[in-house]
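In the order they appear, the protein sequences are chains A and B. Position one of the first sequence corresponds to residue 0 (numbering that gives the first Met the number 0), numbered consecutively onward. Position one of the second sequence corresponds to residue 0 (numbering that gives the first Met the number 0), numbered consecutively onward.
Simulated from the structure, these hints should not be mistaken for laboratory data. Glycine residues also receive a C-beta, built at the ideal position from the N, C-alpha and C atoms. Some hints here could point you the wrong way.
[As the list claims (entries may be wrong)] In silico contact screen, one side only, chain A against chain B (beta carbon under 8 Å); selected entries: (1) Pro26; (2) Val36; (3) Asn37; (4) Leu38; (5) Thr40; (6) Met44; (7) His60; (8) Trp73; (9) Val84; (10) Gln85; (11) Gly89; (12) Leu91; (13) Leu93; (14) Thr95; (15) Leu96; (16) Glu97.
Spelled out from the first residue to the last, the chains are:
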Amino acid sequence: MHSPLKLSVENPAIEQETRTAEELDLPWQVVVHNDPVNLMTYVTMVFQKVFGLTREKAERHMLEVHQQGRSVLWSGMRERAELYVQQLHGYLLLATLERTN
Amino acid sequence: MEIRRQGDCLEISELDPFLAELLRQVPESTNTEGVEGAQQRLFSSPAPASEREMCAEWKLYVDPELRRLFQTATKTVAVDLQQLNGSAKPFANCTLRIPTKNADAWLNALNQARLVIAAKYNFSEADLCDHYRSPIGSRRDLGLFQVNFYGFLQEFILHELERPGGG
């Protein structure tokens with residue numbers, strides 16, 4: 000290999016940048032967590048509004064939240080995932096962004 | 000108390016003074032001041048604590064927007080509730096008409112109020128599911144009644160919105 004390339008590989012700053020770029024490309028997931036106050040019908044309505052889900056699919060996710068404590072509603076790029084979480088917080092649902100393993 | 004759809008409004012009639020007072024308390028009940036748990040619940044973290052940078056940015060940019068959204072909903076509800084202030088007879092039953100265009104604001108404000116009250120009295124899931132609790136004997140019992148009453152209203156609004164032409 001040519002030395003310039005070797006140098007750039009060994010440069011810790013460049014290594015750091017590469018890792019960051021890879022991390023940004025990793026999909027994120029939007030997770031909704033159970034909370035005892037929000038009504039099941041309300042949570043279903045929010046899933047339909049925010050994600051455009053059918054009633055049946057929204058209910059399946061709502062039941063998963065209720066029974067398993069959490070449900071992954073969406074996964075994809077970080078920017079859009081943030082927007083979904085912001086919308087869900089606007090409806091007062093407990094929602095987080097998590098990195099997909 | 001009777002609840003029904005009347006044209007472009009959701010009408011709650013035959014409201015006795017006690018329930019009318021609980022409704023008047025919706026805006027005040029959304030106040031998180033002095034209730035640490037409520038602040039944390041209404042402005043919850045967007046990610047696990049390990050995502051420090053994201054959480055910090057969220058506090059800086061998103062939380063103020065959410066605060067504005069919640070305040071707007073509460074103000075809309077407060078304006079609708081002014082109908083309950085004009086009764087010539089203070090102990091007479093009254094009627095509240097909620098324009099369907101304000102239904103989302105009502106759902107939001109009622110939810111804020113329920114979450115704040117639940118945080119204030121630290122209600123557990125068992126408390127919230129106990130629909131056979133004895134009559135109100137303490138401020139905490141009243142809080143539980145409020146949470147359930149507001150939940151009942153939310154259910155009604157959602158039911159009406161789902162009907163054809165409901166909003």
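Tested hints:
1. Pro26: violated (14 Å)
2. Val36: This interface hint holds because 5 Å falls under the 8 Å limit.
3. Asn37: It holds, given that the least Cβ distance between Asn37 of chain A and chain B is near 7 Å, below 8 Å.
4. Leu38: Cβ of Leu38 of chain A sits 6 Å from chain B, so the hint holds.
5. Thr40: holds (5 Å)
6. Met44: holds (6 Å)
7. His60: Violated: closest Cβ of chain B sits about 17 Å from His60 of chain A, beyond 8 Å.
8. Trp73: violated (14 Å)
9. Val84: holds (5 Å)
10. Gln85: With Cβ-Cβ at 6 Å, under 8 Å, it holds.
11. Gly89: Hint holds; Gly89 of chain A Cβ to chain B Cβ min 5 Å, cut 8 Å.
12. Leu91: holds (5 Å)
13. Leu93: It holds, given that the least Cβ distance between Leu93 of chain A and chain B is near 6 Å, below 8 Å.
14. Thr95: At about 5 Å, which falls below the 8 Å cut-off, the nearest Cβ of chain B leaves the hint on Thr95 of chain A intact, so it holds.
15. Leu96: holds (5 Å)
16. Glu97: Since chain B brings a Cβ to about 7 Å from Glu97 of chain A, closer than 8 Å, the hint holds.
Checked against the numbered hints above, the structure violates hints 1, 7 and 8; every other hint is satisfied.
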